[in-house]
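Since the structure of chain A is already known, use the hints to place chain B on it.
Protein chains: 2
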Amino acid sequence: MLKIYEYLDKHNEEHLQQLIEFLKFPSISSKSEHNNDVRNCANWLVEHIRSIGGENVRLYETGGHPVVYADFLHSDNAPTILVYGHYDVQPVEPFELWNNNPFEPIVKDNKIFARGASDDKGQLFIHIKAFESILKVTGSLPINIKFLFEGEEEAGSNHLDDFIKNNTELLRCDSVVISDTEWFDFGLPSICYALRGIAFVEVKVKGPNRDLHSGSYGGTVDNPAEVLANIISRLKDKYGRITIPRFYDGVLELTQEEKDEFARLPFNEKKYCESLGIRQTFGEIGFSTLERVWARPTLEVNGIYGGYTGEGAKTIIPAEASAKISMRLVPKQNAEEITKLFVDYIREIAPPTVALEVKALHGGNPVITPIDTIWMQKAKVALKDAFGKEPVFIREGGSIPICETFQNVLGASPVLIGFGLPTDNTHSPNENFSLENFFGGIKAIANYYMLLKE
Amino acid sequence: MLKIYEYLDKHNEEHLQQLIEFLKFPSISSKSEHNNDVRNCANWLVEHIRSIGGENVRLYETGGHPVVYADFLHSDNAPTILVYGHYDVQPVEPFELWNNNPFEPIVKDNKIFARGASDDKGQLFIHIKAFESILKVTGSLPINIKFLFEGEEEAGSNHLDDFIKNNTELLRCDSVVISDTEWFDFGLPSICYALRGIAFVEVKVKGPNRDLHSGSYGGTVDNPAEVLANIISRLKDKYGRITIPRFYDGVLELTQEEKDEFARLPFNEKKYCESLGIRQTFGEIGFSTLERVWARPTLEVNGIYGGYTGEGAKTIIPAEASAKISMRLVPKQNAEEITKLFVDYIREIAPPTVALEVKALHGGNPVITPIDTIWMQKAKVALKDAFGKEPVFIREGGSIPICETFQNVLGASPVLIGFGLPTDNTHSPNENFSLENFFGGIKAIANYYMLLKE
Chain A
458 MLKIYEYLDK HNEEHLQQLI EFLKFPSISS KSEHNNDVRN CANWLVEHIR SIGGENVRLY
518 ETGGHPVVYA DFLHSDNAPT ILVYGHYDVQ PVEPFELWNN NPFEPIVKDN KIFARGASDD
578 KGQLFIHIKA FESILKVTGS LPINIKFLFE GEEEAGSNHL DDFIKNNTEL LRCDSVVISD
638 TEWFDFGLPS ICYALRGIAF VEVKVKGPNR DLHSGSYGGT VDNPAEVLAN IISRLKDKYG
698 RITIPRFYDG VLELTQEEKD EFARLPFNEK KYCESLGIRQ TFGEIGFSTL ERVWARPTLE
758 VNGIYGGYTG EGAKTIIPAE ASAKISMRLV PKQNAEEITK LFVDYIREIA PPTVALEVKA
818 LHGGNPVITP IDTIWMQKAK VALKDAFGKE PVFIREGGSI PICETFQNVL GASPVLIGFG
878 LPTDNTHSPN ENFSLENFFG GIKAIANYYM LLKE
Chain B
458 MLKIYEYLDK HNEEHLQQLI EFLKFPSISS KSEHNNDVRN CANWLVEHIR SIGGENVRLY
518 ETGGHPVVYA DFLHSDNAPT ILVYGHYDVQ PVEPFELWNN NPFEPIVKDN KIFARGASDD
578 KGQLFIHIKA FESILKVTGS LPINIKFLFE GEEEAGSNHL DDFIKNNTEL LRCDSVVISD
638 TEWFDFGLPS ICYALRGIAF VEVKVKGPNR DLHSGSYGGT VDNPAEVLAN IISRLKDKYG
698 RITIPRFYDG VLELTQEEKD EFARLPFNEK KYCESLGIRQ TFGEIGFSTL ERVWARPTLE
758 VNGIYGGYTG EGAKTIIPAE ASAKISMRLV PKQNAEEITK LFVDYIREIA PPTVALEVKA
818 LHGGNPVITP IDTIWMQKAK VALKDAFGKE PVFIREGGSI PICETFQNVL GASPVLIGFG
878 LPTDNTHSPN ENFSLENFFG GIKAIANYYM LLKE
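Quick note, the sequences are listed as chains A and B, same order.
Taking my numbering, I'd label the letters of the first sequence as residues 458 to 911.
Taking my numbering, I'd label the letters of the second sequence as residues 458 to 911.
No lab work stands behind these hints: they were computed from the structure.
Remember, it's a predicted structure, so these values are computed and weren't measured experimentally.
There could be a bad hint or two in this list.
Copies of the same chain look alike in the list, so a pair counts if it works inside one copy or between any two.
[Stated by the list, open to error] Simulated crosslink set (DSSO-like; lysine-lysine; CA at most 30 Å straight-line):
#1 K663 to K727
#2 K910 to K663
#3 K663 to K728
#4 K727 to K661
#5 K835 to K910
#6 K846 to K565
One chain only, chain A, in its complex shape (with noise of 0.2 Å):
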């Protein structure tokens, strides 16, 4: 490993300029007018990947934008690793917020500045640069390897459920590493084992067939938008407990270690609530507020409308009112049974007086990945070494629907392995990617093919 490290050390600043040419690439998957940059940003990382010795590396194409496919595959004896990222970013606006042109580079207090800096360009060249350096320096690969790099995923990753499923014999894998999670805090190497699912759905209260004067009705027909509001108050209790009969059943609970460990970690209640201007959270009684977001099942109301919201005063009752709701999901719920469980529970409550409609618009179920495998520990152990610093195991709240896929369709749980930081700006004006963890990534993802052949 230490000729790697050397090898590393020594071509900092050549990687970090190839960096700055693959952020260049304007690959913004949501906006049809870039399609020629998210295409052109493909073909360059395919460029790329074949220049440092990748196989069989290709474009695939998908009813969007292109799957990059590379491989290195020979070592008979030794596990499959399928690494996933993707090469398209988000849009840029507010662009008068930046400080640099998004698409100019710029390296400042050992950051780089750009859109997709660390969501997720930055992460994904942390494997390839990985791999050039054990080629380079060992003149093979300790295990297989298989590149698989997504152009749609600020987009919906509309195509890639099909892709996986319609070659799962070229992804075929013994584990899928995944690159595109973030620290828990700055210095704090994290491995993220758990995501929580998604269960989406719209509810639509129907009243009276028209929006009525509030003057001439008000008083004896029901309100869609109070009957709304009655439901909505129905779904959790004052100890912000859901409601829902059999919401919880099945709920893999944490044990007692996983909750010492979050309770270990730097978090501030305090600073928290500062940052978001609240006075203080709220949240299922007798979890703290890690648990509550990591490991336990929330319900929010995502949005809510019906009748008049313009300026000023218009009296009615309206004829029906809505909203959207999401409900996140841990191990071991399952989408489709949540939903069904909370339509029946709406429909139980609803009064006679109204009609109801209920949409299921999207689910994905939780993953976790046990932490005791080969595959994490060896993850635990390789970023030591490269940073100096015991790692920690977090989950995150969010969910990332392709890794119950890769989970499904190849049977390979992901290894969370993020570099990103909660101050990268992910999404927002001013994406950056600390240097220090661009670099450290590589050696400790180098490090990681390493261990993992033994």
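Just chain B, lined up with the frame of chain A:
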């Protein structure tokens, strides 16, 4: 009276042609491009009243459209009646749903179709023709009369309040008569003796300083849309009773006579539900539908909004959520007091996790005119004589804010003798006015004026 009735029968066609002339002015007060039309209409009215013997006929300028005033004050020992009406009309959109040009009146099925036919030009004109017929037949008037015709009723009556307050001497009277309401049903003359008041409030619940990702924060931060739903759900109990403390204090209960009278009206609950497209009515327990809408205070959510309301899913905890809420008030509630009770209550029940902003948008007090006065009892006699059918005393669920001003500033409770029908389509396409009610209305009002001298 027989001579007056004869005179009227002989001049039916002439009066109809004059009404058609009056209806041809597109006096839409809420649209500035019709400012000249409104003024031309007012001038026509001035000329017409002058031509039939009205005195002191003139326009009074206000900050908006002018007021038409006229009087005839020659009966020293008789009462003085102020007749209020409005010569402006609602917009005509959607134009394509009209069967005729709304300002080219046509007569069909014994109705006249035009914008303003019923609301309120046709009903206003009844008073002018009643005045004319008495003057023509008897050479004088048995009472003193003042006409006050507004040009801004459909645009909020923004200047009438001030006009009345600044001209109390000019407008001094013993009783105010308004013909701008509806009969309960076809063929059933109705006198309205009570209107509800209103208190309109906007509530904003403010949570975090920005919309939050519901994956990263769901379960830890109280959700403004849910808090708002909880507040709304605590404004009424499941029996439809408003739960704001002291809300019902002082509410004037219906007498047994009133309840009996309401119960005798030809109200069909099944047809009512069918016409509204609802399965059943809902309201305060222990009261009939008519009692609820006419004589009970109510609370309605008129609009609610917060968070993401566009198409599809966006998983956020909204930074804030708002609702527009109005309460209809009955005698002897007071809009200011009720607003205060409302605000105090929701401040009390709102949790400490959010900030509350409450804005009182506007208010108006309820109005009730005792039935046993000569003004009301003679109206009953006059209507029975003209239409050959016993009139009913009804209430109205809506509010006519100017009635409160007449009551407070001039000390005269309004006598609401309307001639509209529920089928008149006021404020809608194909507005119309029954010629039977137009011609019969002139007789009834002429009769009323004659009766008041005694």
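Results for each hint:
1. K663 to K727: between (43 Å within a copy, 19 Å between copies)
2. K910 to K663: neither (61 Å within a copy, 54 Å between copies)
3. K663 to K728: Between copies only: 19 Å across, 43 Å inside.
4. K727 to K661: between (38 Å within a copy, 25 Å between copies)
5. K835 to K910: within (11 Å within a copy, 105 Å between copies)
6. K846 to K565: Classified as within; 25 Å inside a copy, 91 Å across copies.
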